[in-house]
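Just so we're aligned, residue 1044 is where the sequence shown starts under the numbering used here, counting upward by one.
The set of hints was computed from the structure by calculation and includes no laboratory data.
Fair warning: there could be bad hints in the mix.
[Claimed, not checked] What follows is a set of in silico ranges between Cβ atoms, one per label pair, in the way DEER data are often shown:
(1) A1706 - D1643: 18 to 24 Å
(2) N1590 - D1643: 44 to 50 Å
(3) D1411 - G1445: 25 to 31 Å
(4) R1670 - V1255: 28 to 34 Å
By construction, the Cβ of each residue, glycine as well, lies at the ideal position given by its N, Cα and C atoms.
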Amino acid sequence: MVESWPGTAYPLGATFDGSGTNFALFSEAAERVELCLFNDGEEIRVPLTEVDAFIWHAYLPTVQAGQLYGYRVYGDYDPENGSRANGSKLLLDPYAKATSGDIDWDQSLFSYNFGDEDSVNNDDSASHMMLGVVVNPYFDWSGESSPNIAYNDTVIYEAHVKGLTATHPDIPEEQRGTYSAIAHPAIIEHLQKLGITAIELMPVHQFVNDSVLQDQGLSNYWGYNTIGFFAPHAAYSSTGDRGQQVLEFKSMVRALHHAGIEVILDVVYNHTAEGNHLGPTISFRGIDNAAYYRLVDDDQKHYMDYTGTGNSFNVRHPHSLQLIMDSLRYWVTEMHVDGFRFDLASTLAREFYDVDKLSTFFELVQQDPVVSQVKLIAEPWDIGPGGYQVGNFPPQWTEWNGKYRDTVRDFWRGEPATLGEFVSRLSGSPELYETSGRRPVASINFVTAHDGFTMRDLVSYNEKNNQANGENNNDGESHNRSWNSGVEGETKNRAVLAIRARQQRNFITTLFLSQGVPMLLHGDEMGRTQRGNNNTYAQDSELSWVNWAEADESLVAFTSMVAALRANHPVFRRKRFFTGRPVKRAEGEPLMDVEWLSTDATAMTDEHWESDYVKSLGMFLNGDGIRGRDARGQDITDANFLLYFNASEEGVTFQLPSAEYGAKWDLVLDTTTAKAPKGVFAAGGSITVGGRAIMVLCARKETS
1044 MVESWPGTAY PLGATFDGSG TNFALFSEAA ERVELCLFND GEEIRVPLTE VDAFIWHAYL
1104 PTVQAGQLYG YRVYGDYDPE NGSRANGSKL LLDPYAKATS GDIDWDQSLF SYNFGDEDSV
1164 NNDDSASHMM LGVVVNPYFD WSGESSPNIA YNDTVIYEAH VKGLTATHPD IPEEQRGTYS
1224 AIAHPAIIEH LQKLGITAIE LMPVHQFVND SVLQDQGLSN YWGYNTIGFF APHAAYSSTG
1284 DRGQQVLEFK SMVRALHHAG IEVILDVVYN HTAEGNHLGP TISFRGIDNA AYYRLVDDDQ
1344 KHYMDYTGTG NSFNVRHPHS LQLIMDSLRY WVTEMHVDGF RFDLASTLAR EFYDVDKLST
1404 FFELVQQDPV VSQVKLIAEP WDIGPGGYQV GNFPPQWTEW NGKYRDTVRD FWRGEPATLG
1464 EFVSRLSGSP ELYETSGRRP VASINFVTAH DGFTMRDLVS YNEKNNQANG ENNNDGESHN
1524 RSWNSGVEGE TKNRAVLAIR ARQQRNFITT LFLSQGVPML LHGDEMGRTQ RGNNNTYAQD
1584 SELSWVNWAE ADESLVAFTS MVAALRANHP VFRRKRFFTG RPVKRAEGEP LMDVEWLSTD
1644 ATAMTDEHWE SDYVKSLGMF LNGDGIRGRD ARGQDITDAN FLLYFNASEE GVTFQLPSAE
1704 YGAKWDLVLD TTTAKAPKGV FAAGGSITVG GRAIMVLCAR KETS
């Protein structure tokens, strides 16, 4: 007999106070609830008799950190009316702060018999379930603090815990693929070399591997299949799954913070791993199906699916919203993360049918004193009607700018009539964000991300090569259009390789020198290839992992050089949009804050903008009015810059503007080479920009 006291209804979950543990579980659907403790395979059931406002709770004075547990919820099993309680199914606590073990997809995990969805299966699932773990919350954070990087100074690196570290030769083999590996000096040094200020980790909430993938010898590599919104994924721990994963995650955050690098989590609150009505009963479904999931209004056996995963989280219900907000606060206050990227964020705004930027979820975030103060990044779309919402999120939010990705790709691909939109993307996409009170940093700029081609593959393949996924190459984006490189896929043709290398440098330069916040996909700085697979969601293998042994060191050095240019010059990371108005100067007539120049150094005309054939332009950036700090933290007044973009196959000669813009110009970047260029050009002279290339010039400040 386990001693049990009434305990408290809040906080939800298992809370260890140094002596014993309080357990609290929400379920409005329950008629009774049992807390199940597991010790060496033995299950001890403790009835929860205290209920306040549908919170079932108890305090167990003898339960210590490391205790394994789950719940059984008894009530109506009536799928036709949205009820799916089944006491024979052991359930994972939605608030579990750590998990142990995995589900094995046994028949007992399902509340129906395979082949007959209308039947009832009452097999006990306990021996096939993952279990919650009581964790010790105490950790030595002394000397640690968030870097608190301003958005305009931020450079994001999207990374996968395992994919980034699985093959790194300097990381001990037993640590590769884990939180400890992310914190290893070799990884931190690499991030610092690239000027990275924030690492955005693909899902680290506890997730489930799909049975369909496992049957094919594949796995859910990306992790967008969450089952535990408070628990760090146990498989990414090198030290154990009885709470050690929590300590290891915190140690990773502490090490990154000491290095001046923020931690952003890619979070998936829009759905869970329980899938559609044919999925397993492993947590939310058995606890309170109608509270946690959006059910079809006139057919409550089935689930609304705005995510393509079988279900959508019910953000109309107060306890579902509470779980999301409690989870976000936990990761900030207890795990010390610095922000979140919300997967398919439009789903969180669907209170009824349409996406509503004034939805309760956004109101809760706005007023929350903790969550409102960290970085909030939306993936501003889902697969439902009206789900593409780029530019429509509330002012406090930033967004993955899918239009930036598409426009920049089109420009460097040589698509006609893309010049005007390309200029908008260079400028921070003002037409998307300026009218809603936001600034250029609302745009998270990216060319590639995890769900698509790597940058090297983007310039190497016209068609996807996804056969390894077992879907007859029908998954992923259908095609990549032509890059006119002459040869598709892997090749030893030096001319083709030179074009591809230059295009990668063009993308990296455009990304880092655009207004807004750049996001680099892990491995793009070293030429990572997935051999044309643009949907490696199921590929936990060398196909997806960063291959450090084959890193393109010249591209790494080039990326570092461009990142340093951005870091040293605040003119590339403005806090406000361009005005198109003159900027007061210390001497001489004022110049515009930005000017768009044709090849003869005159202003671009409507004829230029509307032409299908003009594929090059000059950009004058006025640094006179821009004050800020360089990479060393020194206060500076910036210099003027000229950027020349040429997406045509042939070289283009530009005339430099008159001396009032700058008497002499130093060539600081030329994407025709990976090396630092040399050259000085005088006002009114000329410069030839190679085919498919960028040149960047900095006005030399005269010294007395």
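Verification of the hints:
1. A1706 - D1643: 18 to 24 Å: Since the Cβ atoms of A1706 and D1643 sit about 19 Å apart, the hinted range of 18 to 24 Å holds.
2. N1590 - D1643: 44 to 50 Å: Cβ of N1590 to Cβ of D1643: about 46 Å, so the range 44 to 50 Å holds.
3. D1411 - G1445: 25 to 31 Å: The hinted range 25 to 31 Å holds for D1411 and G1445, with Cβ atoms some 27 Å apart.
4. R1670 - V1255: 28 to 34 Å: Violated, at about 56 Å.
Violation of the numbered hints given earlier is confined to hint 4; every other hint is satisfied by the structure.
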